[in-house]
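**Student:** Top line first, the protein sequences correspond to chains A and B. With the working numbering, you'll find the first sequence wraps up at 313, consecutive numbering, no jumps. With the working numbering, you'll find the second sequence wraps up at 1315, consecutive numbering, no jumps.
A couple of the hints might just be wrong.
[Unchecked claim] Below, computed lysine to aspartate or glutamate pairings styled on EDC-like, alpha-carbon distance capped at 20 angstroms: (1) Lys300/A x Glu201/A; (2) Lys1120/B x Glu8/A; (3) Lys223/A x Glu205/A; (4) Lys223/A x Asp1026/B; (5) Lys1281/B x Asp1123/B; (6) Lys1221/B x Asp78/A; (7) Lys1117/B x Glu1212/B; (8) Lys1307/B x Asp143/A; (9) Lys1307/B x Asp142/A; (10) Lys14/A x Asp1208/B; (11) Lys14/A x Glu1212/B; (12) Lys93/A x Asp68/A; (13) Lys1221/B x Asp1208/B; (14) Lys275/A x Asp45/A; (15) Lys93/A x Glu56/A; (16) Lys141/A x Glu201/A; (17) Lys141/A x Asp1026/B; (18) Lys1118/B x Asp1208/B; (19) Lys14/A x Asp1123/B; (20) Lys52/A x Glu1166/B; (21) Lys1281/B x Asp1083/B; (22) Lys1118/B x Glu8/A; (23) Lys300/A x Asp1123/B; (24) Lys223/A x Glu201/A; (25) Lys223/A x Glu208/A; (26) Lys93/A x Asp75/A; (27) Lys1117/B x Glu56/A; (28) Lys1307/B x Glu1247/B; (29) Lys93/A x Asp78/A.
Honestly, the hints are just simulated from the structure, not real lab data.
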Amino acid sequence: MSAFSVTEPSSRTKWGAGILVVAYALITIVPLLWIIATGFKSPTDSIAYPPKVLFEPTLEGYVNLFTDRTRATQDMLDRAGPPQTWYEVIVRKRGTIITGTSRYGERFLNSVIIGFGSTFLCMVLGTAAAYAFSRFRVPLKDDLLFFILSTRMMPPIAVAIPIFLMFRQLGLSDTHLGMILLYTAVNLSLSVWLLKGFIDEIPIEYEEAALIDGYTRFQAFYKVVLPQAATGIASTAIFCLIFAWNEYAFAVLLTSGTAQTAPPFIPTIIGVAGKDWPAVAAGATLFLVPVMVFTILLRKHLLRGITFGAVRK
Amino acid sequence: MPTSPLDKVAHATPRPVARRIRGLTDRAIAWIFVAPTIFLLLAVNIFPLIWTIRLSFTNYRVNRPNRDVEWIGLRNYERILTDPDIWATMQATAHFLIWTIVLQVLIGFALAYLINKKFKGNDLWTTIIVFPMMLSPAVVGNFWTFLYQPQIGLFNYAVAFFTGVEPASFSMIGDVHLAPWAIVIADTWMWTPFVMLICLAGLRSIPDTIYEAAECDRASKWRQFWTITVPMVLPFLMLAVLFRGIENFKMFDLVVQLTGGGPGNTTTLTSIDLKREAFEKWRTGLSSAYAVILFVTVFGLASIYVKALNKVKER
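Modelling step: build the complete structure from the supplied sequences, incorporating the hints.
**Tutor:** Here you go:
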């Protein structure tokens, strides 16, 4: 761009625009920073008025997140003896005693299993379908593609009723497999549409060359198309993972004991005496930060992902 | 349905070339590749939908499996459409939908416009702005209840700091007048980046040459904005509104965690109401009818809107 371009904004405009955008970004990030900060506060600091920006950081929230505690009687303290570990020291200071591990770890693990399981399945099915839609004449192609997209328009609660009944019949309610299948189905629309876009962009000549060289269609698919679509597949996978990770409505309705994921669990975290906000914030931090990292990785494909490939930039 | 040049190329695949090759025919491969996806979607989406439609004509209740299921025709639909409470939730939903869209479009477009001034470091700040949108709405919504606490909440403190009102004097989620705005604010915070990203793509798609031509014609900046920028971004903006509209019509996680539908029924959006009918009152038949009505509404509105969108695109 030349210095004399009429379309290049003046440096004053740039400064003004920059300041406004940075101001918005700083305001919008405050709630997230507040979550992270609250995780390191003591319960008293977390509910202080005026809200404390500077505080003495403690790991109490994290300790409380992973443990179950009860108010200790003198008798219990006598029996337990002096605290052995750093986290026992923290807990004892509040006059409580650890009675066991909390379910957070389990719930987090469920989120990981269901998230990765459904993402994997979704990518396998989605890539195959997207390839077929991109390269072959599939009868009723446009209708099928639209059908796939339209499954996203249904409110989750609306389909939850029969899925609830169906899962109960099949013994899938509150199981990892059930949730993996469900999230796969929900994410398929996104993955098929996105991947079709990515595969469409790979010149068909590559495959034709491979076919002429004697590759079969399958070979051409996984030796030529898959490596070419790797970035697209990776970013689509991250989108599917984030969705499954964040999903709440199905999780809260269809899981309770064994397969419950973290989102329905985190809001139910309570302390020994009332809501333990540092523990909630600690749980939220551990759960949200991976997604922020993924967002940074995804930034080039963000737009495409959120619009189902409708806007490609 | 968009047919890109690449689609056309794909259609023009020389089929004989493929057919000469050993192995399965293309047709067989196409079916093998597509079938599992279609099957899973039929099983998890269409089959349940048909089941919902069937249930909607009955008085079935999940919690009473032994009771005889009666076919009661359209009575469920009649009850829903004449129920004043359900109309109230529709109104709450409309309030939520309209205000979130208005705010997100205004702020999102403004942000995109500013970012498009290409100041130094705009990529970094764009990524930071995008964060809220990628996070779990339930977890974030739950934390917003903390920010909204009357005495200790950061939100109330910030409002108090700038306006001088006593921070304990108002409760965003406890007050019947403020609660509908509390959910609008949280949703706007979360989803404005979505509209911003799409608008930004729109702005970046406008070729510089158009502005250069306008400069040559001595069109004022103001005029350029209204006759070039706005019309060129409009299809993108409308797409953003479509997505937000559908998503917020289905809204459940953020709001249910934030206010739980209260106080009273002031923030009971249709999805929350539906969840109560189906999974708390266990009126399965009735809530199935409710679900069908919602689905038809979203689908109908979306189709009309897409037609309008296509018209704008063609201009």
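**Student:** Each hint needs a verdict: does it hold in this structure or not?
**Tutor:** Hints, verified against the model:
Only pairs whose Cα atoms come within 20 angstroms are accepted, and lysine 300/A paired with glutamate 201/A is accepted, the gap being roughly 16 angstroms. Using a Cα cut-off of 20 angstroms, the hinted pair lysine 1120/B and glutamate 8/A holds, with the two alpha carbons roughly 13 angstroms apart. The hinted pair formed by lysine 223/A and glutamate 205/A meets the criterion: a straight-line CA distance of about 14 angstroms does not exceed 20 angstroms. Distance restraint check for lysine 223/A and aspartate 1026/B: the Cα-Cα separation of roughly 17 angstroms lies within the 20 angstroms cut-off, and the hinted pair is therefore satisfied.
Taken as a hint, the lysine 1281/B and aspartate 1123/B pair is broken in the structure, with Cα atoms around 49 angstroms apart against an allowance of 20 angstroms. Between lysine 1221/B and aspartate 78/A the alpha-carbon distance is near 79 angstroms, which puts this suggested pair outside the 20 angstroms criterion. Taken as a hint, the lysine 1117/B and glutamate 1212/B pair is honoured in the structure, with Cα atoms around 16 angstroms apart against an allowance of 20 angstroms. About 16 angstroms separates the Cα atoms of lysine 1307/B and aspartate 143/A, which keeps this hinted pair within 20 angstroms; it holds.
A hinted pair counts as satisfied when its Cα atoms are at most 20 angstroms apart, and lysine 1307/B with aspartate 142/A qualifies at roughly 16 angstroms. For the proposed pair lysine 14/A and aspartate 1208/B, the alpha carbon gap of about 17 angstroms is at most 20 angstroms, so the pair holds. Between the alpha carbons of lysine 14/A and glutamate 1212/B the distance comes to roughly 19 angstroms, so the proposed pair stays at or under 20 angstroms and holds. For the hint linking lysine 93/A to aspartate 68/A, the alpha-carbon distance of about 15 angstroms falls within 20 angstroms, and the restraint holds.
Of the pairs offered as hints, the one joining lysine 1221/B and aspartate 1208/B holds, with about 14 angstroms between alpha carbons and a cut-off of 20 angstroms not exceeded. Proposed proximity of lysine 275/A and aspartate 45/A is supported: the alpha carbons are some 14 angstroms apart, at most 20 angstroms. Taking the CA atoms of lysine 93/A and glutamate 56/A, the gap is near 15 angstroms; set against the 20 angstroms cutoff, the hint holds. Taking the CA atoms of lysine 141/A and glutamate 201/A, the gap is near 18 angstroms; set against the 20 angstroms cutoff, the hint holds.
A threshold of 20 angstroms between alpha carbons decides the hint, and for lysine 141/A with aspartate 1026/B the separation of about 15 angstroms falls inside it, so the pair holds. For the proposed pair lysine 1118/B and aspartate 1208/B, the alpha carbon gap of about 13 angstroms is at most 20 angstroms, so the pair holds. With a CA separation close to 14 angstroms, the supplied pair lysine 14/A and aspartate 1123/B stays within the 20 angstroms bound. Of the pairs offered as hints, the one joining lysine 52/A and glutamate 1166/B holds, with about 18 angstroms between alpha carbons and a cut-off of 20 angstroms not exceeded.
Note on lysine 1281/B and aspartate 1083/B: the hinted pairing holds, with a Cα-Cα distance of about 16 angstroms set against a maximum of 20 angstroms. Of the pairs offered as hints, the one joining lysine 1118/B and glutamate 8/A holds, with about 9 angstroms between alpha carbons and a cut-off of 20 angstroms not exceeded. About 10 angstroms separates the Cα atoms of lysine 300/A and aspartate 1123/B, which keeps this hinted pair within 20 angstroms; it holds. About 17 angstroms separates the Cα atoms of lysine 223/A and glutamate 201/A, which keeps this hinted pair within 20 angstroms; it holds.
At most 20 angstroms may separate the alpha-carbon atoms for a hinted pair to count; lysine 223/A and glutamate 208/A meet this at roughly 13 angstroms. The suggested pairing of lysine 93/A with aspartate 75/A holds, with an alpha-carbon distance near 16 angstroms, which does not exceed 20 angstroms. In summary, the hint linking lysine 1117/B to glutamate 56/A is not supported, as the alpha carbons are separated by about 41 angstroms, beyond the 20 angstroms threshold. About 19 angstroms separates the Cα atoms of lysine 1307/B and glutamate 1247/B, which keeps this hinted pair within 20 angstroms; it holds.
Our distance criterion of 20 angstroms between C-alpha atoms is met by lysine 93/A and aspartate 78/A, whose separation comes to about 15 angstroms.
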